[in-house]
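S.K.: Use these hints to put chain A onto chain L, whose structure you have.
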Amino acid sequence: MPKKISMEIIEQENVGSNVYRLTLAGKFSAQPGQFVQVAVSTAYDPFLKRPFSVHDCSANTLTLLYRRSGRGTSLLAEKKAGEKLEVVGPLGTGFPMVTEDKIILVAGGIGSAPLFYLLKTLQAAGKKVAFYYGARSKNELILREQYQMLADEYMEATDDGSCGHQGVVTELMADVLDEEKPVIFACGPDGMLRAVAKLAKRNKCRCYVSLEAHMACGVGACLGCVVPNIRGEYVRVCVEGPVFPAVEVF
Amino acid sequence: MPDLTVSLGKLVLKNPVMPASGCFGYGEEYAPFYDLSSLGAIVVKGTTAKPWQGNAPQRIVETPAGMLNAIGLQNPGVVAAKAKISQLLRYRTPVIVNVSGHSIEEYKKVISVLEEENTVAAYEINISCPNVKAGGMTFGTDPDIVNKLITALRPLTEKTLIVKLSPNVTDITEIAVAAESAGADALSLINTLVGMAIDIEKKRPVLANITGGLSGPAVKPVALRMVWQVTDAVNIPVIGMGGISSAEDAVEFILAGATAVAIGAANFVNPTVCPEVVAGIEEYLSSYNYTSVREIVGLAKRTVNTQS
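Chains as they are written, first to last, in the working numbering: chain L, 584 to 833; chain A, 3 to 310.
Pulled out of the complex, with its shape left as it was, chain A reads as follows:
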């Protein structure tokens, strides 16, 4: 059986597959469908210092091979979230918390509260949510602010610090390098692409927030290209995500340079997609006689370099 373990900073995962934040609630929603211990990690929803109400409905709309969402990071706040997160400890897999905020102070507060107990394995710093008015993506589009934020958070924890990048920038590698130089242990990309839909009968935007984040198979080629570029630009591991719906999609991201992958909107369509992708990656490795998933991380780049 091929070795599926991968490392993100100090964090060792039994396999490279995890759900994407915001697509998996606080985990319990998918517990009826399979044993969550089979996941490489559980990534919970964007969590803020205080409860956030989120955006007004309509929050979602289906689009060609995908969907737009403008949830607006509705969450019960870090104190209530902490109780939910401790419920996940019964699964034998690390818990990664997505951390969001309107200000550097709010991000710091979330990490400080969660650091009180030793329940969280890693933090994913969300600097890329396109659906909140202040903070969120505004943090993720300016390399100086990214540097400032990650520099401020780095001393608060020894745990793996992952920075989740926005694709809604001119040059994503600039932001990736800023996060790496400020002390990030890993990067995750991509968050959703900003888009919109208009109801032609009502003659107004479908989403109450007007714009939303595009996800699903439609974004996969863009995400893959960005993972390719970012893994060329930094030395820290990358969690690739964006439209992954199958093991074949996941393998593409790993061949492009991702050390691990996250699955988002596909969970909504197929509640057992995550364990299916784990099994499919294993099958792929076996069929080509690889002994470890790590052998194929970035393999497509090496193939290109050999041929050129």
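With the rest of the complex left out, here is chain L:
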């Protein structure tokens, strides 16, 4: 059940490439892939809360990972330890728990944010998890060391070849999908998600994608964040998503 809570900032670190890791204290729980709405200001401008996926979560902390890219995230990046933030969550439908033992996570740049908590949760449940990480260049493989260290298998690709395979991350996946038929969980730019979904379909692998949308309420009331599903109906990213079976939306 979502609730509105006030959480205190424990730590805010710039982890490179304009990306910040924000750790908040407070009683909080969420499923991997769920998100929270955060008030970046107590004034009327900017007006709306900002949605962020849960990067990590324990009984008494919530960690978010976000790129400073507009007015809202710039205001958030200025916040210091000790300040309080109003948070609404947990919200939305996260990644499903699956019975398969072999799982591949595919991250594109800052899209890695929700996959850290997912990786830890899956491993705690005894799953073997491979992490495939793609970005434009090495500095956008945010926190690559933590995934490299934790994942049972780790592969990376950059467009410019500054780290790992030169090219897109899906090029690394074709063989393993064909042989092992893993379940795929992906988060990243739309183009990457579509490529992952296509590859999954061709190899008859189950695939789930986490989508992003402009959002107002975050609870399903305003219908502002919808995307069309394969039947052409508009579904809410904030309630039916943000995680969807890829075959539902692509």
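To be clear, the hints were calculated from the coordinates, so they are not data collected in a lab. What you are looking at is a predicted structure, and each value in this text was computed from that prediction instead of being measured. You may find that some hints are simply not true.
[Claimed, not checked] Okay, derived cross-link-like pairs now, DSBU-like style, lysine-lysine, Cα gap no bigger than 35 angstroms in a straight line:
(1) K721(L) - K204(A)
(2) K16(A) - K586(L)
(3) K84(A) - K586(L)
(4) K784(L) - K721(L)
(5) K587(L) - K16(A)
[Claimed, not checked] With beta-carbon atoms standing in for the labels, derived distance ranges:
(6) D773(L) - I212(A): 39 to 45 angstroms
(7) E831(L) - S88(A): 24 to 30 angstroms
(8) G709(L) - R92(A): 53 to 59 angstroms
(9) V115(A) - G709(L): 48 to 54 angstroms
(10) V830(L) - Y292(A): 55 to 61 angstroms
(11) D628(L) - K205(A): 20 to 26 angstroms
(12) P53(A) - K610(L): 23 to 29 angstroms
(13) V224(A) - K764(L): 55 to 61 angstroms
All C-beta atoms in this analysis are idealised placements derived from N, C-alpha and C, irrespective of residue type, glycine included.
M.R.: Just chain A now, kept in the frame of chain L:
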């Protein structure tokens, strides 16, 4: 404790605070945050005879102290909505259904279907949605059409009939008077103001619908002025809305002449804003020793008249 009850036609509300239609889904979205029974009424989404798909995304964009939306009245149609509405009966508060359509026949159909059961306490006739191609606001900008529509709907129900007015007109009092003379029991205003935003990198409108409806604190002064004007022009009660985000905002609308208030976009920012406004109004009344909220309805007008 001050008396918070107010009346809209036959309908008595335990307090003057309700969510604005379209900002509260079918109610269940906000049920995890507080007991919906604490609301003066629950106002559900614009409901049409058949399911409406709504507009293509992008549907919303944040603007200075507000937001634009072009949802396009996406809803599952009156038959599916009826089931959702009956779920709200477990809350001890009246349910008001916002009724929309492309034609007079469609509005009639929605009311007829809902009249089959005694679940709805009042109808809010939406003649002011700026985001649908036909119907919606086109009904709300011509006093003759408003008169025709409300005259056609009035015989279908004995329940309170509220007409929701558009601010996108030259003279809102003209439309208000037309609705009153056709038999409306109450008016609600304002719906959103038509606006737009342009993405200067992509060099095109942000919203797929090109224009959208502006709401949030940015519209409050305009809404307040219109409530002031309309309550001068008609004798039926008015539900004031437009940018209300706090009890202080709500009190302003009541002092301007509104009998009740509705809260829209502020729900998106603060999911518990409605009960907070109820508590704040009560506190305001107590602090000035008023025994009833009704004592302050339009009080600012009386102050002006006394002084002039």
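S.K.: Does the Cβ-Cβ separation between V224(A) and K764(L) fall within 55 to 61 angstroms?
M.R.: 59 angstroms, holds
S.K.: Taking 53 to 59 angstroms as the stated bounds, is the beta-carbon spacing between G709(L) and R92(A) within them?
M.R.: 42 angstroms, violated
S.K.: For the pair we were handed, K721(L) and K204(A), check the Cα-Cα distance against 35 angstroms.
M.R.: Status holds; Cα separation ~28 angstroms.
S.K.: Straight-line Cα separation of K587(L) and K16(A) no greater than 35 angstroms?
M.R.: 25 angstroms, holds
S.K.: Return holds or violated for the Cβ distance of E831(L) and S88(A) against the range 24 to 30 angstroms.
M.R.: 29 angstroms, holds
S.K.: Check whether the Cα positions of K16(A) and K586(L) lie no farther apart than 35 angstroms.
M.R.: 26 angstroms, holds
S.K.: Keeping to a limit of 35 angstroms between CA atoms, is the pair of K784(L) and K721(L) held or broken?
M.R.: Roughly 29 angstroms separates the two Cα atoms, so the pair holds.
S.K.: Does the hinted range 20 to 26 angstroms hold for D628(L) and K205(A) at CB?
M.R.: 25 angstroms, holds
S.K.: Indicate whether the distance between the beta carbons of P53(A) and K610(L) respects the range 23 to 29 angstroms.
M.R.: 40 angstroms, violated
S.K.: Mind checking the hinted window 48 to 54 angstroms against the Cβ distance between V115(A) and G709(L)?
M.R.: Given range 48 to 54 angstroms: holds, Cβ gap about 52 angstroms.
S.K.: Note whether the CB distance of D773(L) and I212(A) lies within 39 to 45 angstroms or breaks it.
M.R.: 23 angstroms, violated
S.K.: Could you say whether the range 55 to 61 angstroms given as a hint is met by the Cβ separation of V830(L) and Y292(A)?
M.R.: 60 angstroms, holds
The structure is inconsistent with the numbered hints 6, 8 and 12, although it conforms to all the rest.
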